[in-house]
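Let chain V serve as the given structure and place chain E on it in line with the hints.
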Amino acid sequence: MIYHEPRAMARDEVNPTLSAPIEDVVNSIAKNKICMKGILATPDFSHTGELQTLNMKLRNALDLYANVVHVKSLPNVKCRHTGVDCIIIREQTEGEYSALEHEGVPGVVECLKIVTAAKSERIAKFAFDYAVKMGRKKVTAVHKANIMKLGDGLFLRSCEEIAKLYPRIQFEKMIVDNCTMQMVSDPSQFDVMVTPNLYGNIVDNLASGLVGGAGVVAGASYSSQCVVFEQGARHIFSGAVGKNIANPVATLLCSANLLAHVNLPVYSKMIKNAISKVLKDGKVRTKDLGGQSTTKDFTYAVIHCLT
Amino acid sequence: MAVRLFSKLKVFPEIRGVANASGAAPATLSDYDVQHKTPVTRKQKLIPKAHYGGRHAVTMLPGGGIGPECMGYVRDIFKYIGAPIDFEVVDIDPDVDNDDDGNIETKSEAAYVTSRNVALRNELDMYVYVMNCKSYPGFDVMLMTNLYGSIVSNVVCGLLGGAGLLSGRNYGDHYALFEPGTRNTGTAIAGKNVANPIAMLNASVDMLEHLGHHFHANLIRRALNKTINVDRVLTTDVGGTSTSSEVVESILGNIGRS
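Those sequence lines, one after another, are chains V and E.
Per full-length UniProt numbering, the very first residue in the first sequence carries number 1; after that it's consecutive.
Per full-length UniProt numbering, the very first residue in the second sequence carries number 1; after that it's consecutive.
Only chain V is shown next, with the shape it has when bound in the complex:
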């Protein structure tokens, strides 16, 4: 069995209390262009008055504007729906995540949601280009323009404008709450989805739940320069730390995507096939998928299946 890691991975730790400064991390990623990232948790409150989370800082510093999560039903993982296969593309540098909040009058907080034509068009173009590249048929824009007429309206109009440039790809729009309902009742109707920041996060997590949870869905964030591979649903699962029970599938899929990205499709396929085989056999699976195996057992099982 030949398996070697062709690129040395620079490993930088980011932790709110003891960590490498964010500049070092950004420099490292900017230099290597590729990053493999775990989940960074941020508490719901801030001691320092700092509103931006680490994730947000990282995204803004590197301009990681497009988050892509490919949600696909896995073999032999029992879920409510089978045959789910959709790509969710999320703008993640503006919108609700602007970190602009203030309490002008005690008891009244205003949060600013920023939507710009430039970034909306950029994400829409990314989504259509991605759809073309992956041979997809349809792009669905998720919005709430019936309520947020200016903000989401701008996003929607930008998507409509870009859609005109791609006549071969079908374009449809859907209001976010209806979208979530359609998602849980009939997810197979979706192909590529393009969403603003917050809705993307919600749809990502919902869709991950449909195919087996946060432990099995891989994602990636793109800027024009670099790409960060990370889990699709950002859930740190801190209850599982050190217990050897977490599901490694998401991270392993990330690594396979990384290999595909650096043009090593053979190795990528190898890992993906091995994961599929282990899941299909169904003998070794972690607790979240109804099994009793440990993280290590699963990883060794995947290694044994590498051919």
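Fair warning: there could be bad hints in the mix.
[Claimed, not checked] Here's a subset of chain E near chain V, in silico, CB distances under 8 Å, partners left out:
| id | residue |
| --- | --- |
| 1 | 118 |
| 2 | 150 |
| 3 | 162 |
| 4 | 163 |
[As the list claims (entries may be wrong)] With a Cα cut of at most 35 Å, we get these calculated DSBU-like pairs of lysine-lysine:
| id | chain 1 | residue 1 | chain 2 | residue 2 |
| --- | --- | --- | --- | --- |
| 5 | V | 149 | E | 192 |
| 6 | V | 125 | V | 137 |
| 7 | V | 173 | E | 192 |
| 8 | V | 138 | E | 192 |
[To be verified] Here are some, though not all, of the chain E residues that point toward chain V, as calculated from beta-carbon distances under 10 Å:
| id | residue |
| --- | --- |
| 9 | 117 |
| 10 | 147 |
| 11 | 148 |
| 12 | 237 |
Note that these hints are calculated values from the structure, not bench results.
Note that the Cβ used here is the ideal one computed from N, Cα and C, for glycine as well.
Structure of chain E alone, referenced to chain V:
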């Protein structure tokens, strides 16, 4: 801060005086003003007293899409069981942009048009939305902000069988409004006799309960239950083959037999 305090001191005694004298807010204040600008006035009102003969008057907003047909079924059933409710129907047209009507679906995405739903809620200050979703373990009561609530209720509706089953309730301090849970208008299936009437009927049951007509509410609820779970007369969206009117007939039949 000093200015704010001063203005408060100036305003409070007047309002308190008015509130104590009449026991209610002065008629000139809108409900929004009463809610937000008069902190000392008593805010809760009781369920409106029934009119002569124990009947309640209820405003009916059929809305767009499948709304009118579903409302028709509700009225058929109310008539059949003799529920003591008089409907005052306000017809609305989703394409109209003017502010006098309360159209429920807002077609326009123009910036100057507020969604009719939102306008209605603000005007009547209906700040609570309640949805009761049975057969969904893991959560008991979930408290959410506006948008998240809309999303979560839609997800739950999707899990339990689509837009056609569950009803939701809006409460303010003065009014209550009952509607299908997901607020989808279902324009695409309007007039085809395939819409699921269950959500609207559930909403009507909620309303009867709210007004204290438990007998009539139970009558409809039991019949609904029998139609869905025993007779299995279901519309296509929940895996059946029946039309809307067949479902309603089955419910009427069940009411008749009980």
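Here's how the hints hold up against the structure:
With a cut of 8 Å, the hint placing residue 118 of chain E at the interface with chain V holds, because the nearest CB-to-CB distance is about 7 Å. Using the Cβ-Cβ criterion of 8 Å, the hint placing residue 150 of chain E at the interface with chain V is satisfied: the shortest such distance is roughly 5 Å. Annotation: residue 162 of chain E was flagged as interfacial toward chain V, and the flag holds, the nearest CB pair being 6 Å apart, inside 8 Å. Proximity of residue 163 of chain E to chain V holds as hinted, the smallest CB-CB distance being about 7 Å (cut-off 8 Å).
Using a Cα cut-off of 35 Å, the hinted pair residue 149 of chain V and residue 192 of chain E holds, with the two alpha carbons roughly 31 Å apart. Between residue 125 of chain V and residue 137 of chain V the CA atoms are separated by roughly 15 Å; this keeps the pair inside 35 Å, and the hint holds. Distance check on the hinted pair: residue 173 of chain V and residue 192 of chain E sit about 24 Å apart at the alpha-carbon level, within 35 Å; holds. Taken as a hint, the residue 138 of chain V and residue 192 of chain E pair is honoured in the structure, with Cα atoms around 28 Å apart against an allowance of 35 Å.
A least Cβ separation of about 9 Å between residue 117 of chain E and chain V falls short of the 10 Å threshold, and the interface hint therefore holds. Interface restraint check: residue 147 of chain E against chain V, minimum CB-CB distance 7 Å, threshold 10 Å, status holds. Of the supplied interface hints, the one on residue 148 of chain E holds, with its beta-carbon coming within about 8 Å of a beta-carbon of chain V, less than 10 Å. The restraint placing residue 237 of chain E at the interface with chain V holds, with a minimum CB-CB distance near 9 Å, inside the 10 Å limit.
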